[in-house]
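Student: Residue-level listing of the chains:
Number of protein chains: 2
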Amino acid sequence: MKIPDIRLENFVCPLPIRNDRQIVIGHGSGGRMSKLLIDTLFNKYFNNPILNRRNDFAEILLNEEHKGHKLVISTDAHIIKPIFFPGGDIGRLAISGTVNDICMSGGIPKYITAAFILEEGLLLDDLESIIRSMHETAEEAGVDLVAGDTKVVEKGKADNIFISTTGVGFVNKNLNISGQSAKPGDSVIISGTIGDHGIAVLSAREQLGFKTTIQSDVAPLNDIIQSIITAGADIHVLRDPTRGGLATTLNELALQSQVSIQIDESSIPIKKEVRSACEMLGFDPLYIANEGKVVIILPSNQSAFVLELLRKHLLGRDAAVIGSVSPPEKSPSVIMRTMIGGFRIVDMLSGEILPRIC
Amino acid sequence: MKIPDIRLENFVCPLPIRNDRQIVIGHGSGGRMSKLLIDTLFNKYFNNPILNRRNDFAEILLNEEHKGHKLVISTDAHIIKPIFFPGGDIGRLAISGTVNDICMSGGIPKYITAAFILEEGLLLDDLESIIRSMHETAEEAGVDLVAGDTKVVEKGKADNIFISTTGVGFVNKNLNISGQSAKPGDSVIISGTIGDHGIAVLSAREQLGFKTTIQSDVAPLNDIIQSIITAGADIHVLRDPTRGGLATTLNELALQSQVSIQIDESSIPIKKEVRSACEMLGFDPLYIANEGKVVIILPSNQSAFVLELLRKHLLGRDAAVIGSVSPPEKSPSVIMRTMIGGFRIVDMLSGEILPRIC
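Note that the protein sequences, when read in sequence, are chains A and B. Here the first sequence stands for residues 0 to 357, numbered as in numbering that gives the first Met the number 0. Here the second sequence stands for residues 0 to 357, numbered as in numbering that gives the first Met the number 0.
Just so you know, these hints were derived from the structure itself, not from any lab. Treat each hint with caution, since some may be false.
When chains are identical, the list treats them as one kind, so a pair holds in a single copy or across two.
With a Cα cut of at most 30 Å, we get these calculated DSSO-like pairs of lysine-lysine [claimed, not checked]: (1) Lys-43 / Lys-329; (2) Lys-329 / Lys-210; (3) Lys-271 / Lys-311; (4) Lys-172 / Lys-66; (5) Lys-66 / Lys-311; (6) Lys-182 / Lys-210; (7) Lys-271 / Lys-329; (8) Lys-66 / Lys-80; (9) Lys-156 / Lys-109; (10) Lys-271 / Lys-109; (11) Lys-271 / Lys-156; (12) Lys-154 / Lys-66; (13) Lys-182 / Lys-329; (14) Lys-182 / Lys-311; (15) Lys-109 / Lys-329; (16) Lys-182 / Lys-80; (17) Lys-172 / Lys-311; (18) Lys-156 / Lys-329; (19) Lys-66 / Lys-329; (20) Lys-172 / Lys-80; (21) Lys-80 / Lys-329; (22) Lys-80 / Lys-311.
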C-alpha cells in the first residue's frame, strides 16, 4: 500500500502562530494548532516526565513516603485585571494563589494543574510572559505542573486570559490545621503588611489616574509556613487573607470556629503608601486583598517564638501579633480596638469594592 | 465591653440574590454575597464532610487501600456554547469531561474540584440548573466535589459561565494504560457512535437554523471502563475522542506510540441523523467531538471478549472494532480504507470547525 503523504507538515505551513502573533480560535481546536501551541510555547516552560507522557491525565506513584499523610487539594479561578500589574502578573498569581491554599493546611504542595481560557486576539508575547512567570513561580514554590488544558473563546467573550489552577499536596495526618480550630486564648498573627496587592492592582488600572510605588505581595508562602511548622509550632489556623481582605478572613474564621476575635488597629502593619492610597480613595485597608500574607492563629504562649521565626524570613519581616481569640459574645464576631481607643465591630465585606482583584 | 450589634444580618437586607435573580459583581467579592451564594445555592447540592469544613483546601487521608496505587490527576476548562443543549448542559459536561480523563488511566475517579467564572447577569435559575446537573452527574460517576471557587466578571467579559474542573483518582500501580502503549498487532475499538455531541450542540445554536433529534452523548464513562478493567482485559490505550474527534485522537495516539493506525470506514458506527447533518453541513464526522465515547486499543485476541462486554453496557451498545495498529510507515499516521475501497490518510484536525464544543 503506497499512499502519497499529503499531511500538512510536509508543506510549508504558515500557521497564525508564526504570523500575526495572536491567539486565534484554531488554537483551541484540540487539533494541529493546539498541538503547535503546546509544542512551541507551553512545552518550552513546562517540562517534566509526567507532563511529557502527553496523556490527558497525570500519574503519581503513592509510596512509603506518603503513608500517614493526607492528600490536600485546592482550586482557584484567576480573572485579575489587568493581567500585568506592579509586582506580578496573572501567571504568578495563578500559581501562588493555589499553592498558598494548599499551604494553609500546613502541607507541602507538590503538583499543580492549569486550565487556560484564552480570548481570541490575546498576544502570543503576553501569553509567553505569563507562561514564563508561571514556570518561574512554580520553580520557586517547588511544584510541578502535571496537567493542563487550553480553550479559546471568540474576541469579546472573555478578557485576555483566565487561568484556573488546582493544587495537590500532602500533609502529615497528625496535623489538623483548620479554620474550625481557633480557640479562646489563642493569639492572632499576620505575617506582614496588608493591602499591598489590592492597591498595586488598582494603581495599574489606568482609568483611575492613580499612581503609587506599591508592589503586589503575590508570592508562594510554602517556605515561610514550613519554617514555622518544622520548628514544631502548634498552629491551630492558617488562612491567607485574599479577596475580602483581613476583615473578611477573620470573620470567616470566627464563624467557622464559633469564637470572637479581637484585633488592635494600631498593631496591624500597613505600609504608609497603602494607607495614603486608601484614605485618598475612601477604602478601608482591612478589606483590601493580599496575595502573599497569612493569618496564623495559635496558643498565645507560642506567639513570641513564631513571630521571631517569621521575622527572620524575607516574606515575614513585618509580621505582628494583631489580636486574640475569645469565646463568642452573643454570636461570633470580629471586634477592633481603634487607634483612638474605641471599639467597633468589623464586619465581613458586603458588596464589592475592588472587582477582579485575583 | 458592650457594643451595639450593627452587623448587616440584623437588618432586613435586600441582597440582589433575592431580588433580581441574577449574578452581580458582588457575588464574586469573597465577602458576604459570595457566602450567601455558597450557602443558598452551592451547598444545597454539594454537601459532604470534606466540603463542609469550609477550608480553602480539601483533605483526604491516605491509608492502606491507597497502597500500591498511583494518584491520577486531570484538568479541563469548559466553555461550551450554548450552556444548555440536547442531552446535557455545561454542568454535566464539566463533571463528565474530567471524570473521563481520569478513567482513561484505567483508574477510578474519586474527587473533583470546580472553579466557576460567572458573567454578571447570569440568571440564578440557570446557575442552579447547572449546579443541580453537576450534582447529579457527580452522583452518577461516584465522585465527590471537594473544593470550589467562584469568580464573577463584568457583563461582556465572559459568556454566561465557564467551569474548570480537576479530577483526582487512583489507579492500581500495575496498570500502565497510556497513549504511548499502542503496539503493532493491536485492535482498535470505539465504544459507540461518533459525532453525537458535536451535532447536538451545533443544532442548539439557533443561528444555524438547523434541527435534529440527536442528543449529546455526554456521560461519565467510569462504569463501562471499569467493567472491562475488572474483567481482566489487557488494555494498552484508552482515550476519549473529544475536541478534534476520532481522527485527531487516533493521530495523537499514533504519534505518542510511534505506530500507524489503519481504520475501516464502513466499520465506524455513525447514527444516520449525524451522517445526514454532516453531509448537509459539509463536515467529516471523524472530526466531530464526542463526550461519552472511548477508543480502546488492546491485543487483537482480546477484542472479541471486550466487545461483548462493552455491548452489554448501556453506553456501549454500538461498540465496534474499527481498525488495527501496525508499525509506522515512514512516519506515524492514520490511514482509512474508505467505503468505496480506496485508502486515504486521515490527518489531525487543522484549523477549527466547531469552536466552543466543550
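Student: All the hints need checking, so say for each whether the structure fits it.
Tutor: Do the hints match the structure? See the list:
1. Lys-43 / Lys-329: between (57 Å within a copy, 27 Å between copies)
2. Lys-329 / Lys-210: neither (44 Å within a copy, 60 Å between copies)
3. Lys-271 / Lys-311: within (22 Å within a copy, 71 Å between copies)
4. Lys-172 / Lys-66: both (9 Å within a copy, 15 Å between copies)
5. Lys-66 / Lys-311: Result: close neither inside a copy nor across copies, 32 Å intra and 39 Å inter.
6. Lys-182 / Lys-210: Neither: 42 Å inside a chain and 62 Å across chains, both beyond 30 Å.
7. Lys-271 / Lys-329: For Lys-271 and Lys-329, the Cα distance exceeds 30 Å both inside one copy (36 Å) and across copies (68 Å).
8. Lys-66 / Lys-80: Answer is neither: 42 Å inside a copy and 44 Å across each miss the 30 Å cutoff.
9. Lys-156 / Lys-109: Neither, since 33 Å and 33 Å both go past 30 Å.
10. Lys-271 / Lys-109: neither (36 Å within a copy, 48 Å between copies)
11. Lys-271 / Lys-156: neither (39 Å within a copy, 34 Å between copies)
12. Lys-154 / Lys-66: Result: close neither inside a copy nor across copies, 48 Å intra and 48 Å inter.
13. Lys-182 / Lys-329: within (16 Å within a copy, 69 Å between copies)
14. Lys-182 / Lys-311: Cα proximity of Lys-182 and Lys-311: one copy only (27 Å, versus 57 Å across).
15. Lys-109 / Lys-329: This pair counts as neither: shortest intra-copy Cα distance 42 Å, inter-copy 40 Å.
16. Lys-182 / Lys-80: neither (38 Å within a copy, 48 Å between copies)
17. Lys-172 / Lys-311: Result: close within a single copy only, 28 Å intra versus 43 Å inter.
18. Lys-156 / Lys-329: neither (47 Å within a copy, 43 Å between copies)
19. Lys-66 / Lys-329: For Lys-66 and Lys-329, neither the intra-copy (43 Å) nor the inter-copy (48 Å) Cα distance is at most 30 Å.
20. Lys-172 / Lys-80: Answer is neither: 38 Å inside a copy and 43 Å across each miss the 30 Å cutoff.
21. Lys-80 / Lys-329: Classified as neither; 40 Å inside a copy, 49 Å across copies.
22. Lys-80 / Lys-311: Neither, since 33 Å and 51 Å both go past 30 Å.
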